[in-house]
Amino acid sequence: MSLLDAQDDLKVLVETLNFKEKVDRSLALIEEAYRKYSDGLVVANSLGKDSVAVWDLAKKVNPKIRGFIVTTRFKPKETIRFMNETVKKYPELKVYKNDSEIPERLYETNPDKCCDILKVEPVKRAVEEMKVTCWVTGLRCTEGRTRTDFKEVEERDKGLIKLNPILIWKEREVWQYLALYGVKVNQLYGKGFRSLGCEPCTRITNEEDERAGRWIGTSKCGGECGIHTRPLKTIMGAGI
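Numbering of the sequence shown is given in my numbering, commencing with residue -11 and proceeding in unit increments.
Keep in mind that the hints were calculated from the coordinates and are not lab data. Bear in mind that the values here come from a model prediction, so they are computed numbers and not experimental data. Each statement offered as a hint is correct.
With a Cα cut of at most 25 Å, we get these calculated PhoX-like pairs of lysine-lysine: (1) K48 to K139; (2) K112 to K85; (3) K146 to K24; (4) K47 to K139; (5) K47 to K158; (6) K139 to K112; (7) K65 to K77; (8) K85 to K65; (9) K112 to K76; (10) K24 to K48.
Produce the complete structure using the sequences and hints provided.
What follows is the structure, encoded as C-alpha cells:
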C-alpha cells in the first residue's frame, strides 16, 4: 500500500517505531511524493531544527528538490545570518518576505493579523509563483498542544497537498538526526531556545511544551502563526 494513502495510527507510530524506522519512513514518504509530484514538490524551510532536518532528508531523496523560506522584519539577527548562509549553500531556496507597512507593535495588539501579513501572505505567493502542488513541512505532532491533529499527508486546500514527513518524530529524535548527519542549525538553539520565531514573540522557557515560548502573553501563546491553519491557494491582499 502507498504510504501517501496510509491511515496508520500516528500515536502508535510515535511510540513504537525506532529512530531508524522513522527516518526510513520519512525518506520513503518524500521519495514517493517526489515521484508523484516531481518539480511541484517544494520544501517549506523555516530554518528551525525540524525544517533543516526535513531539508536534509529531501536532499537525500533528490538534490534537485527546491524550497522556499519566509522571513520577516522581526527575525533575530542570528536567524538572518543563518538564512544567508543556507541560501548561499542552496541557491534553489527562494526567500519570500512581505515589506508592507504595518501598524507599530502590531505583534502585540493583533498578533494573528501580524502573522497573516508577514508570514501567511508570503507563503501564498511562494505556492503560486513556484507552482507548488505538494509542499513539505517540518511539522511534528509531539511539538505542542496545537499540533496533535495533523496527518502525514493532508489536502487542506484543494489541489495543494501538504506532506509532513517527520510528523511522528520526537524532539530528541530530531536532534539525534541532526547530530548523526552533521546538519548545521541556528545558533539560537545554543542559547536555550527550543522553538524559533520572530524576536519580539519568542522567549526561552522551562515549560515542557516546546512551543510554550511563542507569543507569550497573547491569545496565541504556544499556538500557530497560521501557515498550517489558513487557506493558501488564494493570494491574500497585503493591506491591513
